[in-house]
Each structure stands twice: as structure tokens, then as C-alpha cells.
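So you can see what is in the structure, the chains are spelled out below.
2 protein chains.
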Amino acid sequence: MEEQMTEQTTEQLEVPKERERALNTVFVGKKGTMGYVLAVVTQFNNGAPEVTVKARGKLISRAVDVVEIVRHRFMPNSKVNNIQISTEELTSEDGSKNKVSAIEIKIQK
Amino acid sequence: MEEQMTEQTTEQLEVPKERERALNTVFVGKKGTMGYVLAVVTQFNNGAPEVTVKARGKLISRAVDVVEIVRHRFMPNSKVNNIQISTEELTSEDGSKNKVSAIEIKIQK
Numbered sequence: 001m002e003e004q005m006t007e008q009t010t011e012q013l014e015v016p017k018e019r020e021r022a023l024n025t026v027f028v029g030k031k032g033t034m035g036y037v038l039a040v041v042t043q044f045n046n047g048a049p050e051v052t053v054k055a056r057g058k059l060i061s062r063a064v065d066v067v068e069i070v071r072h073r074f075m076p077n078s079k080v081n082n083i084q085i086s087t088e089e090l091t092s093e094d095g096s097k098n099k100v101s102a103i104e105i106k107i108q109k
Numbered sequence: 001m002e003e004q005m006t007e008q009t010t011e012q013l014e015v016p017k018e019r020e021r022a023l024n025t026v027f028v029g030k031k032g033t034m035g036y037v038l039a040v041v042t043q044f045n046n047g048a049p050e051v052t053v054k055a056r057g058k059l060i061s062r063a064v065d066v067v068e069i070v071r072h073r074f075m076p077n078s079k080v081n082n083i084q085i086s087t088e089e090l091t092s093e094d095g096s097k098n099k100v101s102a103i104e105i106k107i108q109k
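As you go down the protein sequences, you meet chains A and B in turn. Okay, so the first sequence: first residue is 1 according to the working numbering, each after it adds one. Okay, so the second sequence: first residue is 1 according to the working numbering, each after it adds one.
The shape of chain A in the complex, shown without the other chains (with noise of 0.2 Å):
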């Protein structure tokens, strides 16, 4: 179980597959704005031309937070290059589905 773990790490190092860990994305969660507002600012420091800034269900409200605090407070010169929104659904542990919005915006440098 613990090889398996270690395995699993190390392959997320080399290929992204969880949102968290994607290239030159920020998943907004339940932690404060703040935190990942701090995340985009790091992103485009570490040189990326580009950030996406995702979120789901009631935290669409705080992605957007994010983004207009980061281009009005910390990098006047990025915009907001392209917004989208979706529906995902979500299976729950007990098989039950359940729809919930998402919202995708991408900011340029």
C-alpha cells in the first residue's frame, strides 16, 4: 500500500492528472482568498505566461475574487484573457449524481 503511494507521487510529478497539480492552475478551494491569490502571483513569478484560476459550485464566486483582486491589486498589466463555465457532475459514495457548475478563467501576464 505504501509502495503503491510512493508510485503514485512520483508518477504525478512527472504527468499532472489531478486539477490541484495541473500546469499553471490554481483550483480555489475553502482556504481564504488570500492564499490563492498569493498561488497566481507565484505562478506568473515562476514564469508562466499564463494562469488558470478554476472552482466548482459555491466557490465560483471566490475564483472570481481571486482574479480581480490579483490583476487589480497585484499585476495591473494582466487580463483576463478568456472565462468559461460548465457543468460537471459528481458521483457521490453512494453512486448518487449530482450536478455542479464550474468556472474556468484564464489570466495573461
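Derived by calculation from the structure, the hints in this document are not laboratory data. This structure is a prediction, so every number in the text was calculated from the model and none was measured. Where hints are given, some of them may not hold.
Since the list gives no way to pick one copy over another, a pair counts as held whenever it fits inside one copy or between any two copies.
[Said to hold, decoys possible] For lysine-lysine, the following DSS-like pairs were computed, each having C-alpha atoms within a straight-line distance of at most 27 Å: (1) K97 x K79; (2) K99 x K30; (3) K79 x K99; (4) K97 x K31.
Chain A is fixed; fit chain B onto it per the hints.
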């Protein structure tokens, strides 16, 4: 007082001033999501070629839900034309200013 209210109503019918009454615009508030879905569909049925869904703050996620439900469940041929995000400054009664994120989503029939 009553006369004044009647006058205001007439004026709003001719020249809509408030957001909620703006032409082909649905401003998403705290009521149930389906009410706003119905409002959008009704505007399309009344001949609007494009409807704009607007929201601020935490209600941004509800606006995305509204648009997703409209285009997936009620109007499968409609498409999202344009999404814009912005920051609005609200002045509260005590004079303090608060910034709040806003979204504007245009759907085309």
C-alpha cells in the same frame, strides 16, 4: 405619496433605470435559482435575441447555475456569448466603501 409611486412606476416602464428592470437583463438575487431561470427563458420567449445575467458577490455562483440550467435543460441551442467579470465599489449607509466582484454573462438564443 401614492401619486409619486405611480409616477415612478410609469417612468420605469418607459426608461428603465434600475438594474433589475434593464432591458433583457436578469439580475440574480437571493431567491431560488429556478425563478431566475424562468425569468431568462421568459425574456427569450418574449423575443429577446440575447439575455444578460448579472450577479454580485456570493451570488455569482448562482448566476452561473442559472445560465447552465437554461442552456442545458431549457434551451439546448442557446450559447454563452460573452462573460465579463469586474469589481464594483459599494458605499454602505455609514459611508464606508466595500469592493465586491461582479459577473455579467450574455446568452444568445
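Verification of the hints:
Taking the shortest Cα distances, K97 and K79 sit within 27 Å of each other only across copies (25 Å), while inside one copy they are farther apart (36 Å). Taking the shortest Cα distances, K99 and K30 sit within 27 Å of each other both inside one copy (19 Å) and across copies (20 Å). Taking CA atoms no more than 27 Å apart as the test, K79 paired with K99 passes between copies only; the shortest distance there is 19 Å, against 30 Å inside one copy. Taking CA atoms no more than 27 Å apart as the test, K97 paired with K31 passes in both settings, with 25 Å inside one copy and 25 Å between copies.
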